[in-house]
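Here the protein sequences come in this chain order: A and B.
Residue numbers for the first sequence follow this note's numbering, beginning at 674 and rising by one.
Residue numbers for the second sequence follow this note's numbering, beginning at 26 and rising by one.
None of these hints come from the bench; they were simulated from the model.
Quick caveat: nothing in here was measured; it's all calculated off a predicted structure.
Within a straight-line C-alpha distance of at most 20 Å, the following computed SDA-like cross-link-like pairs (lysine to any residue) qualify:
#, chain 1, residue 1, chain 2, residue 2
1, A, K921, B, T87
2, A, K917, B, T88
3, A, K921, B, R196
4, A, K917, B, A194
5, A, K921, B, S86
6, A, K917, B, S86
7, A, K848, A, D879
8, A, K917, B, T87
9, A, K917, B, R196
Sample of chain A residues facing chain B (criterion: CB under 7 Å; computed from the structure):
#, residue
10, P781
11, F782
12, H931
13, P933
14, G934
15, Y935
16, T936
17, G937
18, G939
19, S943
20, F945
21, V946
22, L949
Don't be surprised by glycine CBs; every beta carbon is placed ideally from N, CA and C.
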Amino acid sequence: METTPSRDYAPRIIALALIAVLLITLSTGCMLPSRTQHRSSSVVEFLYPGGEQPFVDPTTPTLRLPLRVGIAFVPSAQRDFRHTAEALPGTQRQELLRQVSAQFASLPFVASIEEIPDIYLRTGGSFENLDQVRSLLGVDVIALISHDQMQGRVENEWSFAYWTIVGAYIVPASKNETHTLMEAVVYDIESRSLLFRAPGASVIKDHTTLVRSAPELQEDSEEGFAQASTDLTTNLADQLERFKVRLKEEPEAVVIQHRPGYTGGGSIGSGFVIILATLAGWRRWTGSTT
Amino acid sequence: MAALDGKHDMSALRWPTLFLVVPAAITLAVAGANAGLIADRSALSGGQLWRLWTGHWVHFSTTHFWWDVGATLLLAGELERRRPGISLRFAVIAAPLISLGALMVRPEMSAYGGLSGLAMGLATLLSTELVRAGDRDRAIGWLLGGLVMAKLGAELARPGIFVTFVDPAFRAEPAAHVIGAILGLIHGKTVGRRRPMPAG
Numbered sequence: 674m675e676t677t678p679s680r681d682y683a684p685r686i687i688a689l690a691l692i693a694v695l696l697i698t699l700s701t702g703c704m705l706p707s708r709t710q711h712r713s714s715s716v717v718e719f720l721y722p723g724g725e726q727p728f729v730d731p732t733t734p735t736l737r738l739p740l741r742v743g744i745a746f747v748p749s750a751q752r753d754f755r756h757t758a759e760a761l762p763g764t765q766r767q768e769l770l771r772q773v774s775a776q777f778a779s780l781p782f783v784a785s786i787e788e789i790p791d792i793y794l795r796t797g798g799s800f801e802n803l804d805q806v807r808s809l810l811g812v813d814v815i816a817l818i819s820h821d822q823m824q825g826r827v828e829n830e831w832s833f834a835y836w837t838i839v840g841a842y843i844v845p846a847s848k849n850e851t852h853t854l855m856e857a858v859v860y861d862i863e864s865r866s867l868l869f870r871a872p873g874a875s876v877i878k879d880h881t882t883l884v885r886s887a888p889e890l891q892e893d894s895e896e897g898f899a900q901a902s903t904d905l906t907t908n909l910a911d912q913l914e915r916f917k918v919r920l921k922e923e924p925e926a927v928v929i930q931h932r933p934g935y936t937g938g939g940s941i942g943s944g945f946v947i948i949l950a951t952l953a954g955w956r957r958w959t960g961s962t963t
Numbered sequence: 026m027a028a029l030d031g032k033h034d035m036s037a038l039r040w041p042t043l044f045l046v047v048p049a050a051i052t053l054a055v056a057g058a059n060a061g062l063i064a065d066r067s068a069l070s071g072g073q074l075w076r077l078w079t080g081h082w083v084h085f086s087t088t089h090f091w092w093d094v095g096a097t098l099l100l101a102g103e104l105e106r107r108r109p110g111i112s113l114r115f116a117v118i119a120a121p122l123i124s125l126g127a128l129m130v131r132p133e134m135s136a137y138g139g140l141s142g143l144a145m146g147l148a149t150l151l152s153t154e155l156v157r158a159g160d161r162d163r164a165i166g167w168l169l170g171g172l173v174m175a176k177l178g179a180e181l182a183r184p185g186i187f188v189t190f191v192d193p194a195f196r197a198e199p200a201a202h203v204i205g206a207i208l209g210l211i212h213g214k215t216v217g218r219r220r221p222m223p224a225g
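Hey, can you work out the whole structure from these sequences and the hints?
Right, here's the structure in full:
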């Protein structure tokens, strides 16, 4: 009588298959590669390119009011694009420029706002590049906007379902995180002095399927920039108010000069009024009559 | 600076309040009102002559407004108690002269605003009235006059010594104070002098 070898080994084969599945399940997180993307531009790298370049010694800034303000995005220093996606999307750049311009335009001591084209700033251009911009466009003060966005994707233990192919479409086992940091740094070009800075930040986390991961990351990137831009413009408004107060309370920190065309105001001053009131009160107390 | 009969006469504040304080308050409260009322050089050249008067209603901050209004009410109130109508007459005559004078003395200034020029004029006008009144009022009159002179001297030597605006767009301008003070003195010595009552 003949025996069927497969029937005898079937339970062992099944057991080995289950063990293999279990091992695959436990090690799935290590097998599917995580994905990261990084987009950035740095004010420090733009102004102080290379480690050997000495720091510029800023002098006391002299602001000639009304100011002519330039706004520009810091060029990215990254040359390795293997893990670098597109920089800030064009529509968002324009929207951010519009919002920042509106903040400065609301100030009566700002005469004009110039949006500086990207081609005017070169990577690592430093203050010499800013001097050239100042000569070309006549701006006194420049607001440099930089960004840094890191995106990452990690699969959790449910990602074993991706092996079923169907699971890659319906199981949200991929965790996306998008960290965005933006900054507006305002410099007085002539004195190389930092006047003030305003940051903006956002964090976006969500879960998605393997198939939707890339499009979701792209959407998260745009949303991250949008939220960080909003945060930046809010902080910029606050910093501009603080700067106005600082101009008054710390006159030694910034020298103010008025160009022709300023608005003059007569103000009697608190001291004079107090003395007047004191005189009036004293006369009434002494009961003088005419 | 009590009333003539020793009583508080709030009606003395009626005309200064109505023609100086209330319009200034409305101008401060209404957004964009400053632009249409300030003594702007180019607008005046274009024929908007009302700005010679309305520019004095324009203020650049609430503190600017309150200190100017406070001084104006103290000075104009006392003047009105002594000579009803004098502060209004002075304001109508002096306001355009102060605005014109400030813009002429400072050709680089494009616009001017604030009640303080008129207030300084009211101060010197009151000073002449007090000195003329005699007795204890004369001492106060001289004291007030000296205070005005000291303030003007300090401001001319160092503009902005007493006042700086929070907003750096605006610059304290003492020329209007000087012009206002001179006009107040002239008004007190000449136009504002009481005419002697006819005999019989």
